[in-house]
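A.B. asks: Chains C, F, H and L, in that order, are what the protein sequence lines are.
When you line the first sequence up against the numbering used here, it's residues 27 to 513, in that order.
When you line the second sequence up against the numbering used here, it's residues 27 to 513, in that order.
When you line the third sequence up against the numbering used here, it's residues 27 to 513, in that order.
When you line the fourth sequence up against the numbering used here, it's residues 27 to 513, in that order.
Rather than coming from a laboratory, the hints here were simulated on the basis of the structure.
Take the hints with a grain of salt, since some may be wrong.
[To be verified] Distance condition first, Cα-Cα at most 20 Å in a straight line; then the derived EDC-like pairs of lysine to aspartate or glutamate:
#, chain 1, residue 1, chain 2, residue 2
1, L, 120, H, 184
2, C, 148, C, 64
3, L, 228, F, 214
4, F, 317, F, 480
5, F, 228, L, 207
[Stated by the list, open to error] Computed beta-carbon distance windows for the label pairs:
#, chain 1, residue 1, chain 2, residue 2, range
6, F, 288, C, 184, 43 to 49 Å
7, H, 201, L, 435, 49 to 55 Å
8, C, 76, H, 203, 23 to 29 Å
9, F, 77, H, 246, 49 to 55 Å
10, H, 201, C, 214, 15 to 21 Å
11, C, 184, H, 266, 49 to 55 Å
12, F, 266, C, 214, 57 to 63 Å
13, L, 428, H, 127, 19 to 25 Å
14, H, 259, F, 197, 31 to 37 Å
15, F, 290, H, 325, 18 to 24 Å
16, F, 117, C, 201, 49 to 55 Å
17, F, 431, H, 325, 45 to 51 Å
18, L, 428, H, 113, 28 to 34 Å
19, C, 201, H, 102, 55 to 61 Å
A virtual CB, placed ideally from N, CA and C, is assigned to each residue, including glycine.
Protein chains: 4
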Amino acid sequence: PTTIMSPSHSMSSLAVRAHEMLDSILGAQETSSTTVADNQARDLCHFYCNLIPEDKAVFLKTLAHDYGVDHNIILQIAQNLSMAQERGEGVLLKTEERLKHALVPKYNLVFTQIGHLNDGVKFLVDMRADILHLLNTTCHSTDQDNPYLKSLINHLRDLIAIWFSVGFMTLERVTWESACDVLQKISEYEAVHPIRNWTDLKRRVGPYRRCYVFTHHSMPREPVVVLHTALTDEISNSIQSIVSHPGLEQESSVNGARKEDPNSVNTAIFYSITSTQKGLQGIELGNYLIKRVVQELQSEFSQIQQFASLSPIPGFREWLLLEMNRYLHAEAAGEYPEQKLFTGRELQEIADNVGDTRDKSTIETIMKLIKTNNWAQSEFLPDLLKEPLMRLCARYLYVEKRRGFAFNPVANFHLRNGAVMWRLNWLADTTTRGLSASCGMMINYCYFLEKTEENSKVYMEKHHIEASPQILELVKANVGIETKSHL
Amino acid sequence: PTTIMSPSHSMSSLAVRAHEMLDSILGAQETSSTTVADNQARDLCHFYCNLIPEDKAVFLKTLAHDYGVDHNIILQIAQNLSMAQERGEGVLLKTEERLKHALVPKYNLVFTQIGHLNDGVKFLVDMRADILHLLNTTCHSTDQDNPYLKSLINHLRDLIAIWFSVGFMTLERVTWESACDVLQKISEYEAVHPIRNWTDLKRRVGPYRRCYVFTHHSMPREPVVVLHTALTDEISNSIQSIVSHPGLEQESSVNGARKEDPNSVNTAIFYSITSTQKGLQGIELGNYLIKRVVQELQSEFSQIQQFASLSPIPGFREWLLLEMNRYLHAEAAGEYPEQKLFTGRELQEIADNVGDTRDKSTIETIMKLIKTNNWAQSEFLPDLLKEPLMRLCARYLYVEKRRGFAFNPVANFHLRNGAVMWRLNWLADTTTRGLSASCGMMINYCYFLEKTEENSKVYMEKHHIEASPQILELVKANVGIETKSHL
Amino acid sequence: PTTIMSPSHSMSSLAVRAHEMLDSILGAQETSSTTVADNQARDLCHFYCNLIPEDKAVFLKTLAHDYGVDHNIILQIAQNLSMAQERGEGVLLKTEERLKHALVPKYNLVFTQIGHLNDGVKFLVDMRADILHLLNTTCHSTDQDNPYLKSLINHLRDLIAIWFSVGFMTLERVTWESACDVLQKISEYEAVHPIRNWTDLKRRVGPYRRCYVFTHHSMPREPVVVLHTALTDEISNSIQSIVSHPGLEQESSVNGARKEDPNSVNTAIFYSITSTQKGLQGIELGNYLIKRVVQELQSEFSQIQQFASLSPIPGFREWLLLEMNRYLHAEAAGEYPEQKLFTGRELQEIADNVGDTRDKSTIETIMKLIKTNNWAQSEFLPDLLKEPLMRLCARYLYVEKRRGFAFNPVANFHLRNGAVMWRLNWLADTTTRGLSASCGMMINYCYFLEKTEENSKVYMEKHHIEASPQILELVKANVGIETKSHL
Amino acid sequence: PTTIMSPSHSMSSLAVRAHEMLDSILGAQETSSTTVADNQARDLCHFYCNLIPEDKAVFLKTLAHDYGVDHNIILQIAQNLSMAQERGEGVLLKTEERLKHALVPKYNLVFTQIGHLNDGVKFLVDMRADILHLLNTTCHSTDQDNPYLKSLINHLRDLIAIWFSVGFMTLERVTWESACDVLQKISEYEAVHPIRNWTDLKRRVGPYRRCYVFTHHSMPREPVVVLHTALTDEISNSIQSIVSHPGLEQESSVNGARKEDPNSVNTAIFYSITSTQKGLQGIELGNYLIKRVVQELQSEFSQIQQFASLSPIPGFREWLLLEMNRYLHAEAAGEYPEQKLFTGRELQEIADNVGDTRDKSTIETIMKLIKTNNWAQSEFLPDLLKEPLMRLCARYLYVEKRRGFAFNPVANFHLRNGAVMWRLNWLADTTTRGLSASCGMMINYCYFLEKTEENSKVYMEKHHIEASPQILELVKANVGIETKSHL
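Construct the entire structure; sequences and hints are all you get.
C.D. replies: Structure, rendered in structure tokens:
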């Protein structure tokens, strides 16, 4: 009886129905009627899945608001705490335990019950994605449901995090002989370098390629995290060499199948990593996958000496345009911009090259070229822009920070894993996608296995970024601009 | 720094070492150095496994005592609660969340880290078994560590319960074609009706038998719960008919293999259920296994109409001897015993049969016979004892209670599952084991599928035991003794 | 030494090389040097695979001619036979055995050796396809190699037939969860109703569809025979209803997956059967596959009552055009054609409809329409042509014979299996492919399980075709034309 | 009709029944009624399996005699051969083909049909074992059925040999995690060094041991050939060190499992190889299994440098006793035995040791000791007998021949495989079994991989036995006896 909530005031009929269903699950659980509770949980899932988004929102708010904790009980136990402490450790510990249980919201029982079902875990992961979406779209300070939704989503994260503990993940290699439905998902999930057709796909799981996934026992046939790796003989400087070329020389066997020559491989390039479940946001699995794959590759190829990513730099173009804008504003306001972006000579050469820029400043012209990606088609601009853009990109990656850590999320991911910021590559991804993200640049993060621990520690504790001379040179080049440009 | 405990006063060198290891795991976790933390967790497991029991106790107490919660922080947040409530729901919810996190003991991080390892889950389950053992053997009110150990064990139970949620268990059928190591474990774990040799074992997984197990993804090749089932054409009244006989008529195929005739089966008898992991005590999986097996059998044999157990009655003989002792004491004290155990006529017939009982009372003689199991070898006693022992056993099962529920744990298990107390069977298990447990009696609990939910609910809520006329008659027969015996 | 052939006269260098390789295999086998023989067999396979077609022909002729039997030894043993018979059964049997062994060509040892290799069986099957191709393209009576090639191909057939005995084939169901490489092959092999894209393919292995294949242990991942089946609620009369529609009503589950409702199924339609290996020509596996699939479906769906094919009628249009041509020639020659094809009224109506046919006869006009498939686009012609074309197609299927059996190979296949010629369907396949093969008609052959044995026997022994009233009516309609058309 | 045999004269009712069944299979096959033929073949198998041995003999003779070839047709075609030759190659080849087909016995069709069935191949293998048994037990020259049975068994061998071509065998490793039924068979089939209990068995598939089997697709769960291998750090000189000891040092893991240290292994010892199917006699698979296992081990342990057997020497004691007997007879007959067995000094020492030998010669005494295996219990005899018995055993192994090849079958097997006769080991198998076979000696045959081909060739072609200096010394020691003993 204590768990059965009386529906509040003027509830919508949907909320009333939600109350009924949730109450019956809780009631059945209380009397240990497992089959009843199972059936009711299954009904609830069906019910929820068939709701339209607006109704889902009502349901989730009802769940968050009416099936949380009982504040009064918590308050009451909390007030007993200091007295309990005086009565000795035994009493204190028991009181704390009571407090802990009082802090477990009622919906936890519902989730536990749903977790019993086939596909129940997947349901909860998907429901968490719904809540994330709801919070992102309705996040107004005026919405009084938000604190409750945030409690709900945090609670779900903690529960799911325990279920998706790394020890529960299974590493699987995906090949062209893997199940078709799984390969189709791999294809659809690939967002970094989209897979256009099945020939593309076959190449990405074929010779000199490794596609590894983490799967979870309770979400069969679903790749939870996907890591694409290329086996090469050098650290790749262009994504096209990986996704559009068949890789190193291949012997062809009697029946025409292409075979790898293990001896020609000395490098593993991680060129795409994707977490496929929005509802797992905040539960880190990607770094574990990389580490497991490194182990796997080391045991397969003893001679692999280099592990590196070929990573995109999402946000660089956006950042650059903002910076240029800021510069223009500062200039317009007659302020002396703290740091120049281009040297005078660079501006001059570009101005000479693009010809008549009317009454626009060269900076404005560059902005337009970058916004439209048109510079990449030009004969001369790529060469002229190479030096300044690489310099600025290094600055973006190495200098820009957020709470002390690298501002660029991909950089932050690899640095936290202990990788070294290794090499910035010009014209490494000349697809529209690549140009729009980072003016076509990509970067390698190198994993020196014996150093990752230390790198990671130093990065986490002291915010120090380990970088190669190339990167450091590029970064340093930013500092001198002012001086140089004054000459 | 906050997580690093300073070792207390005069710690043993073992405790110091434990502190070092635990602190380094927590430190590595704090800086997200996953590989370091993994390695340290692995070291810790090795370290613990190689300790002698006394040192394990020291380690566990250190863990429980020094890596729990910070009472002061909890107290402080608890004191802020009422003020937070006044500042609005958002603040209240956030404070509650802070309180919840403060209530998570430090060792939780250690367990999470161990859970990442291969065999880590198994390690924690086994460690929980160690703590249970420690609590059972040292449970003196004077031991001040106990409250901490209890907190520790409860916390582990909650964590393990989430990991062993039913949705994470896999149902597997074990046959003679299953892996040898698994079959060996099945054989060793069988405690109810021990398996003497491999012929025995082959029969228990052979035709007209079903052996189902729950396994867990993170403890591969380990049957966590085992359910032995016999397929018969009636509700079995003797365990020998199951474990020593090959079952119903079998066709033999061309190559001599024995085959089932599905049409001759109409009943499934659950004759043994075992939870193999002591560390999972308190986490109910057995009832779920029975329910899954019922589903499985129904889909395999549409004509199965009866599902029943053939269950032991552990504790009956012990209870009976206590009751008889109590009776004798009451009599000796000149008190009028509230309820007689045997009728005068029963006592007389037994006395006549056993002959010279010297100066002992017949009750004493019966007690001795029962203690030694010698009555079973006698020509006449089994017949003479049948009526009174069955009557008393029915009383033990149906009337004796603990907190309102059946005192006998096996009865309580099946009644909670919604079974009906169906039929008491005389001379159903005449092994020494069976005689010593329950004077050779066994009982069937019947599962009427369309009624289990209701039965379970009524039992859980109102403590009502659903029983067959046979049981009820036997129970009622106890009531009339006094009157009858006075005649 | 006896097995080593001395290269004949002016052999090409290729033939010399072939001799060397073959001799070394035979030599190694003679001394039981298995590893040597294995390696040499592997070399031979590589060598052969890399030859251009012309060289393959030289190799095959060398093999056939120089590694066959020793005619003189055979002759000699044959001449001893009658004398052996006089010396008693023991001697006769031994002589026959010697004769049998003398009749085993030398290349048999080479094939046995190749059969030891991984992929060796596949190699021999493919080589047999090469020989078939060679025989088909060079089959001039003047080519003196042909008798040897025919001996070679027959010997290979006998050997392969033993290897591909039905007991060695494995039945597998292919679904969307099957291996991607296998599904790709399924897609490529489908010649009857080509699969255009992966959506097509997904449908053919999805709900209400069954795709079964025979695989062989020594040719892993290779579907040897493929049978596509649709589960329906009636005998389908159009291929589009199967390959372009998702089938019967489907429930959608929680997570959106489409599910079958087994109760809505009462018919299984075999709509495509393909033998994928040219080298297995003459080794019947298709009928066994159909029978195994019938068993499989019966055990899955007890309520399936009808098993029928929806089959193409390859060759009908070609036959029809030939018949019409013959008619025109006969007419031109002033001969009275033995059997008219169209009634006068039919011709008149068509003539009226197509309008001005210039100086061509209506027959010629019809021929042109049929040749171009243009009639199918017309508004009226499909209706006008329906009756005559169905009548003529029934005649083609039922009356036209080859060595007493149905001339149409698909008809012959199903009739030999014991099926009944069931229903001719108008506009059942309106693709260009369907129109070009059979003017868009398809036919159902029905498998009445309790009658197939008898039907098969009667067809095989007495050439009797079991047909439905519809077919018989259509056939009979041909007979009356003359009379009718004279009216 | 032509295939239907009219039962001959006074056939037993069993033979009549056999005729009926066989005829109906042949009849059904002729009309391609596959399902009928399948059913009848299944009936035939059931029928045969349930016969008592005497009736099986009748059945087999009927099959051999009445379902063989038609001698008259063969004779007739044979007589046409020379004429055919004159008419050209095409005609000759066709006639030869007709002859070949006429030489295929009728029962071949029956076997082909049975081969279609599940377990059909196993049935034929077992039936061949029955025929072998029949031939071995009734092999009197007077039995006129024998030539027919021999034809039958040879035909079956050829058919089965094609089915059991090495390319059709699958290599599997058996471990303690393999299926229980397979392990039970491994245990039962082990004849060389019997497995006494499951602890024994667990050791033989445990750490530092490899048990590999060949299985065949059509006989699932049946190990056809079994090879037991020990991984050691030297060439073992005693079987007890392998079957009774746990092998090299093992690390024990956290959970107590014993693990191999791959670096401590440099030798693989094949200590038992068993062909389990009597019906496969004459179809060599064992040497292929050894070669596959060598490949397997090389890829698992790159550092393994030695491959050797530890083999029994069956027949040595029997041979020795015969030789000694022959010696005594020669002596008694006053003949000068061509070669003495023992030196005078050896005889004297033995005589001194065994004490009073009454009126028996020392040779007779030694014979008795060897017959009873009693010498092994003696304190001194093992030392005294070591030199002469090892010398004589070397002579037995190296000098005794049959058709030019080693007389000892195990020696012949390994020498044919290209192994070197490496080391004779004294007291290597002191079980009763070992003493009775070879006075407790065992021998290592070494496989030097780069030499096996050549060794095999030289042995097969020139009967040369490659042996180590130890063996050659021992052999040579036999030669000098006469001289030495005369001193």
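A.B. asks: Which numbered hints turn out to be false for this structure?
C.D. replies: Failing hints: none at all.
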